[in-house]
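Enquirer: Using the sequences and the hints given, assemble the complete structure.
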Amino acid sequence: MSLILLMGIPGAGKSSLRRRLCSAHPDLIESTSFDDFRRQMRSAVDLSAREIRKSFEREFQICAISRQKFYLIEDIFHLKSMRRKFRKIAKNRLLEFGVVFLECTSSEAIRRDSRRRSDERQGETTILRIFEALEVPENSEEKSIILGQEEAKNIDFWEILRRLGIGNETPSEENSELANKSDKFPKKNLTPSESSLEQIDVSTRRCVSELIQNDRSIDGRRMALARKILIDNLKKRPDIEILSNCNLKRELICIYEKMDA
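In case it helps, full-length UniProt numbering puts the sequence shown at residues 1 to 261.
It is worth saying that the hints were derived from the structure and are not from the lab. Cβ atoms here follow ideal geometry from the backbone N, Cα and C, with glycine treated the same way. One thing to keep in mind: the hints can contain errors.
To be verified - With beta-carbon atoms standing in for the labels, derived distance ranges:
1. V136 - G165: 13 to 21 angstroms
2. E135 - A224: 37 to 45 angstroms
3. G167 - K88: 16 to 24 angstroms
4. V202 - R58: 38 to 46 angstroms
5. V202 - E138: 45 to 53 angstroms
6. C254 - D36: 15 to 23 angstroms
7. R58 - S114: 16 to 24 angstroms
8. E30 - E135: 23 to 31 angstroms
9. A133 - Q40: 24 to 32 angstroms
10. V202 - L128: 46 to 54 angstroms
Said to hold, decoys possible - Here are the computed lysine-lysine pairs in the DSSO-like style, where the Cα-Cα straight-line distance is at most 27 angstroms:
11. K54 - K85
12. K228 - K258
13. K80 - K69
14. K88 - K143
15. K143 - K80
16. K54 - K88
17. K143 - K54
18. K54 - K80
19. K69 - K85
20. K91 - K143
21. K258 - K236
22. K258 - K153
23. K85 - K143
24. K91 - K69
25. K91 - K54
26. K91 - K80
27. K88 - K69
28. K80 - K153
29. K69 - K54
30. K69 - K153
31. K235 - K258
32. K143 - K69
33. K228 - K153
34. K153 - K143
Expert: Here you go:
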């Protein structure tokens, strides 16, 4: 269907936005990031960052694609030349192309970066260098939109597509069925029973597994702790509501992000 680049300086919140969109539309969105790819290439110690980035571009150029999927690729993409390569790939593969620029001040990005684990930090010097070199996308050259920090917390994927002018402005009947597939899980109000708790246990395990498979930057141990917190919260409710997989994933991501803060 289309290739969408999610760009912004380190610490802008790209991974959080990508996780939220993917968990809301798991049947429609395939996603990856340069950081995920780089982690997989750690064994290639002789490769420079430039060579790894070229491998990243080549990976999407040759991978199998589905016409029923939207491809969301996350990276800093601060230079037009970096985005131009993917625009050319999209054109060659007959995919629509768009850019989502997640806006963020350098001071806020530095503050967030300082709270990351030591092995994930970019550092103030790197963030300021990228911020100074940033080439903001322009609609005259690229089909793009700019999202502020508050807007990025709530915007839906369909609204992003509408503003980019990609596909239909509203979900087609077929895509609506795919996007809401997980929401058709029956909801019942049950008294706390062994069967309902077992169902929650199985559902949350499946959701955690799918989230981690879809985004390898997720910390497995922290997500497992988020799952435990969610189950404890559900047990405290007077009536246990069997949430859909989609809503379970949203709650897991919400707890995970609060732990990350």
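Enquirer: All hints, please: hold or fail.
Expert: Taking the hints in turn, this is what the structure says about them:
| no. | hint | result |
| --- | --- | --- |
| 1 | V136 - G165: 13 to 21 angstroms | holds (18 angstroms) |
| 2 | E135 - A224: 37 to 45 angstroms | holds (40 angstroms) |
| 3 | G167 - K88: 16 to 24 angstroms | holds (21 angstroms) |
| 4 | V202 - R58: 38 to 46 angstroms | holds (39 angstroms) |
| 5 | V202 - E138: 45 to 53 angstroms | holds (49 angstroms) |
| 6 | C254 - D36: 15 to 23 angstroms | holds (22 angstroms) |
| 7 | R58 - S114: 16 to 24 angstroms | violated (34 angstroms) |
| 8 | E30 - E135: 23 to 31 angstroms | holds (26 angstroms) |
| 9 | A133 - Q40: 24 to 32 angstroms | holds (26 angstroms) |
| 10 | V202 - L128: 46 to 54 angstroms | holds (47 angstroms) |
| 11 | K54 - K85 | holds (10 angstroms) |
| 12 | K228 - K258 | holds (14 angstroms) |
| 13 | K80 - K69 | holds (25 angstroms) |
| 14 | K88 - K143 | holds (13 angstroms) |
| 15 | K143 - K80 | holds (13 angstroms) |
| 16 | K54 - K88 | holds (14 angstroms) |
| 17 | K143 - K54 | holds (23 angstroms) |
| 18 | K54 - K80 | holds (15 angstroms) |
| 19 | K69 - K85 | holds (20 angstroms) |
| 20 | K91 - K143 | holds (13 angstroms) |
| 21 | K258 - K236 | holds (20 angstroms) |
| 22 | K258 - K153 | holds (13 angstroms) |
| 23 | K85 - K143 | holds (14 angstroms) |
| 24 | K91 - K69 | holds (16 angstroms) |
| 25 | K91 - K54 | holds (18 angstroms) |
| 26 | K91 - K80 | holds (16 angstroms) |
| 27 | K88 - K69 | holds (19 angstroms) |
| 28 | K80 - K153 | holds (26 angstroms) |
| 29 | K69 - K54 | holds (24 angstroms) |
| 30 | K69 - K153 | holds (23 angstroms) |
| 31 | K235 - K258 | holds (20 angstroms) |
| 32 | K143 - K69 | holds (19 angstroms) |
| 33 | K228 - K153 | holds (24 angstroms) |
| 34 | K153 - K143 | holds (22 angstroms) |
Violation of the numbered hints given earlier is confined to hint 7; every other hint is satisfied by the structure.
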